[in-house]
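Read off the chains here:
Protein chains: 2
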Amino acid sequence: MDLIARLRAGLPGEALLTDPDVTGSYARDMANFCDAGTPAVVVLPRTVEQVQHVMRTATALRVPVVPQGARTGVSGAANATDGCIVLSLVKMDRILEINPVDRIAVVEPGVVNAVLSRAVNEHGLSYPPDPSSWETCTIGGNIGTAAGGLCCVKYGVTAEYVLGLEVVLADGRLIKTGRRTAKGVAGYDLTRLFVGSEGSLGVVVRATLALKPEPPQQLALVAEFGSVAAAGDAVCRIMAEGHAPSLLELMDRTSVRAVNAMAQMGLPETTEVLLLAAFDTPDPAADLAAVGALCEAAGATQVVPAENAAESELLLQARRLTFTALERIKPAMLIDDVCVPRSQLAAMLEGAAAVAEEYDLTIGVCAHAGDGNTHPLVCFDPADPDEERRARESFDAIMALGLRLGGTITGEHGVGVLKKDWLARELGPDTVELHRGIKQVFDPLGLLNPGKLF
Amino acid sequence: MDLIARLRAGLPGEALLTDPDVTGSYARDMANFCDAGTPAVVVLPRTVEQVQHVMRTATALRVPVVPQGARTGVSGAANATDGCIVLSLVKMDRILEINPVDRIAVVEPGVVNAVLSRAVNEHGLSYPPDPSSWETCTIGGNIGTAAGGLCCVKYGVTAEYVLGLEVVLADGRLIKTGRRTAKGVAGYDLTRLFVGSEGSLGVVVRATLALKPEPPQQLALVAEFGSVAAAGDAVCRIMAEGHAPSLLELMDRTSVRAVNAMAQMGLPETTEVLLLAAFDTPDPAADLAAVGALCEAAGATQVVPAENAAESELLLQARRLTFTALERIKPAMLIDDVCVPRSQLAAMLEGAAAVAEEYDLTIGVCAHAGDGNTHPLVCFDPADPDEERRARESFDAIMALGLRLGGTITGEHGVGVLKKDWLARELGPDTVELHRGIKQVFDPLGLLNPGKLF
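Line order of the protein sequences matches chains P and F. The opening position of the first sequence corresponds to residue 1 in my numbering, with each subsequent residue numbered one higher. The opening position of the second sequence corresponds to residue 1 in my numbering, with each subsequent residue numbered one higher.
Just chain P, with the same shape it has in the complex (with noise of 0.2 angstroms):
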C-alpha cells in the first residue's frame, strides 16, 4: 500500500492535501535563503490519534516527517524536505483548559498566541511570551522554537511556561512529560528537552503552560542617543541599577528610518540609536523618570515619557515593524538573532556597524537591549551576485563576533538549516556527538525532522 493510502486509512479525507500547488505552498517558513524540499503529502489532523496514526504510517514507510506550526519561524525548521510528510498542527487549534488557582492553561498546539493571550486576559491572566509574530504563530511554534519576545527581559522565554507536555514520538507512542503543579522534579527534564528541539524529538500535542496574574498596563519612554556606546552604557546602568523593566528595546537610526518610511510614525530620525523602556509596575511613572535620569546621565540627547497607554502601544508597535520596514529596503534580508551578555550590547552593536560598512551593506539593528539579544537586518539585493555573497559574508561576520563576545548565535530564533554549520561551531564537537546521541534515542530512524539544527 502506497503512503497516502495507508495515510487515508486513519484520516478524514479533508485532513489531507495532496496536490501539489497545494502542497507546495506548505514547503518553506519565513526564512530567506534556506533549502526547501517538496512534500509528499500534508496532513492537518485534529486528534491526538490522527497524530499517531501519521507517525506509525511514517515510521513503517520510513518517510521522514516535518511537523509545522504558523510557518512563521526565520530559520528555515519547518521547511520540507524531499518526499516528507508535512505535519501542520494548525488544526489542533482548541484551549482546553485555562484554570486561575493553579495558573495553567492547556493547549493544543495549534493555538495562536494572540488567541490564547485574549483567553487567558478574559480570566486576569496573562501569558508573557510575545515573539513579533504573536498574531498568527502557534503555541506548538513556539515551543518548537523556544521563542521569545518583547517582554523576555522582565518575563523570560517561552521554555520558562512551558510545565508539561504531550509528545508522539516517532513510532506513534503518546507520552506525557512534566507536572501542571508548580514544582516537580521526577526524573530528567524530557519537557525541556522538547522545548526548542525543532520537531526533531517528537509532535507537541498538548501544553499544559504557566500563566502569570494580568500586570498592570505598561507605560514607555523613547530615549535618543548620539551614539550605540551611549545607548549601552544606559541599558547597562538600568539593570545594574536593580530595575525591571517590561521591555528595553532598541532601534538604530537605519530601522527608525525604514519604519516611518513604511508607516509614518513620526519617530525622530536625526539621532542614532533609540531606546524604548516600559514598566508595568504600580507606578511606572516613577521608575520611568528614575530610567529616564539614568538615559540622561549615560548621555541621551532626548527623554521623551508617553504621554499614556496608547502612546506607549504606538511606540511598541513601531518596534514591532521593524522586520517588515526593512524588508521594503531591498529585494531580500538575512536576519541575525546574535545574544551576547548585556555588557556587551555597545560591542556587538559597534562590531555590527562595521560589518556593514566593511562590507558596503545596509544592516539595520533592533534589539531586545535589555536581553543583549540583536538582530543585524542585512539588506541586499540576491540579483546582484557580489552583493549576496557580500551579504552571506557579513551575516557569518556578524555570528562570529557574537561568539567572540561570549554570546550565541541565537537567541530566539532557533537553528533551523540557516544555522546548521554556526550551531556545531558554538557546541563544538562532542556536544553536538551528545545531540546526536539524544536524537538517536527518541528517533532511531531519523523521520522527524532531518537535516535541521545538526
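Calculated from the structure, these hints are not laboratory results.
Given that identical chains are not distinguished, each listed pair holds provided it fits within a single copy or across any two copies.
Subject to a maximum C-alpha distance of 27 angstroms in a straight line, what follows is the list of computed DSSO-like cross-link-like pairs (lysine-lysine): (1) K330 with K420; (2) K176 with K420; (3) K176 with K212; (4) K176 with K91; (5) K154 with K212.
Given chain P's structure and the hints, the job is docking chain F onto it.
Then chain F, alone, in the frame of chain P:
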C-alpha cells in the same frame, strides 16, 4: 595498577581519603531508610582537571562514581554504592564572578548556598533558591537535585537560575552547556537536562547562575484556620486574585506543637492550621492587608501581621525548623514531598490526615502552600516493626494520593533511591525507557551514580 594508586597519580595527597572510618562518614546523605554501600575511596578535588582525572580513572577501571555536595539531600541520591569512588565537590568552592550588569554569578559546585546569597547581596543582587538547608547545602547539590525552597512561589526553583554549566562527562571529557546571556536557543537544552539528574549524567564543575535584583525586606503575617479546607480555600483565593506573595507557607497543628516544644516559639497551638504569607513588594503592608482580608473571607479565625521585619524573620524561622522539630517526636521520620495543583491542596491535606488516622501514626504536615508542595512527615519508631511497616505503607499511600490528585511524587527533594519505584509509576514504562536511553548516551558504562532515579 590499582584504583588508589591510579587516582593518586593525578591528585594531591590531601585530596584522597582512604581510611574506612573516614570514608564511611561519606556513605550517605540525610535520607532515612535508604540503602548505602561502602565507598572504596573519597576524593576531594580542587580543580576541573582533577575531576577529569577521577572520571578517566573510573572509566579505565570501570569503577562507579557517586558525586556529592554537602549530603543534605533527603532522598539518598548521594548515597555511596559498594566499592565506589565518592567524588565530593565541596572543596571546589570558589565564587569566580559576580556581574551586576549581566546579573549572573559564575561559581564552582561546592559553594554553599548561603555564602553565595550573602556575596551577591553585597552587590544589590539576590540568588533566590533557598532550600531549608541553605546554610550548609551546596550549589552543586542544589543543581543535582533541582532544589526548591520557600521562595519558589514567587521566584521559582533552582532550575530557573541555571543558565549554563561546565560538566565533566563519564569518560573525563569536559563540555560546556548553555550560555551566559539572558537568552539562547542554540541546540537541545542540555543545561536543563543536567539539572535534577542527580549526578547520573555528568559531574557539574562550574555553573553560570542568573541573579535577580535584591527585593525589599519581606513582611509577613500569620493566619489561623480551624480546618485545612478553610486554609486551602484561602490559598486558592490568594492565588486566584493575582497576588504574588514572596512566601506562602503552611504548618499543621502537629508541626506547630513540635516547633514550639523544641524552640519555644510561642506559635498558637489551639488552631488546626497556620498559614504564613509574606510580601517583598513596594508596599507589603497593603498587600498583607488584602491577603489578610482574603484569609478572613475564607474563614480564618485570627490574622496577625508581623510588626516588623525581625518578627517576620522569626515566623520564617519557625517554618524552617519544622523538619528538625518533628524529627524529635519519634526516633525516625519519613519525609514525603508530594506536589499537587494548588487547587488540590486541601484535598491533599485532608487525605494525608486520613492516612495518619488509618495507619494510626503521627504525620505532621508543612507545605509550600502557594506551590501545592506538601511535606507530610511520617514519625515512627523503627524498633517497633509494626509501626515501621505502617510508616512505610502510609508513606506510599501519600504518594499514591498525590498522583491521584494530578500531582507528582516529588516537588523538590528528588528521587534518589527513596522513590525509584514511584518514579517508574509516575512516568510509565515508555518514559523510563527514554530515561535509560539518555543515560546510555551520556554514561554508556553506567558508572555515574548507579542505582539512583530508575
